[in-house]
Amino acid sequence: MISPAPPHRAQLGPLLVRHRLARGWSQRRAAAELCAAAGVATLSRHEVSRWERQRRVPGGFWLGWLAVVLDVPAAVLTEAAARTRRSGPPATAGPGRRGAAAARPAGRAGEGRAGGTTRGGGARAVANR
Numbered sequence: 001m002i003s004p005a006p007p008h009r010a011q012l013g014p015l016l017v018r019h020r021l022a023r024g025w026s027q028r029r030a031a032a033e034l035c036a037a038a039g040v041a042t043l044s045r046h047e048v049s050r051w052e053r054q055r056r057v058p059g060g061f062w063l064g065w066l067a068v069v070l071d072v073p074a075a076v077l078t079e080a081a082a083r084t085r086r087s088g089p090p091a092t093a094g095p096g097r098r099g100a101a102a103a104r105p106a107g108r109a110g111e112g113r114a115g116g117t118t119r120g121g122g123a124r125a126v127a128n129r
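Quick note: the sequence shown uses our numbering, first residue 1, plus one each step.
Any given hint might turn out to be false.
Said to hold, decoys possible - The following label-pair restraints were derived from C-beta to C-beta distances:
id	residue 1	residue 2	range
1	R23	S44	17 to 27 angstroms
2	P73	L21	13 to 23 angstroms
3	R86	A36	25 to 35 angstroms
4	G39	G88	30 to 40 angstroms
The hints are simulated quantities; they were obtained by calculation from the structure and are not laboratory data.
Note that the Cβ used here is the ideal one computed from N, Cα and C, for glycine as well.
Could you put together the complete structure from these sequences and hints?
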């Protein structure tokens, strides 16, 4: 569980998580509530997840609707978003695509998932190339 932090000092991701969970909402439900309030059907739970993990910071449009849906003063969210932007990206890449791609050894040009590699070759097959 996320430890409570003063709202004036929290970064945006933990603040969003805290307010979403206080309502008992999943990320999917939060996205649905945002879409209904804003009249926009393009926001998914994946984007909510990115905001909460601070992979992205929502712009003014979504910050305004987050304030409405989560019943948080817009100034609190705007300040947290600015603080998050100043602090830069999270320190760890985690198990996401960027982290996994960075850990892979570089292959030959043209190789890839659909390219000239076969399944099950493993490290030995790479070393023998």
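Comparing the hints with the structure gives:
no. : hint                            : result
1   : R23 <-> S44: 17 to 27 angstroms : 18 angstroms, holds
2   : P73 <-> L21: 13 to 23 angstroms : 19 angstroms, holds
3   : R86 <-> A36: 25 to 35 angstroms : 32 angstroms, holds
4   : G39 <-> G88: 30 to 40 angstroms : 33 angstroms, holds
Of the numbered hints stated above, none is contradicted by the structure.
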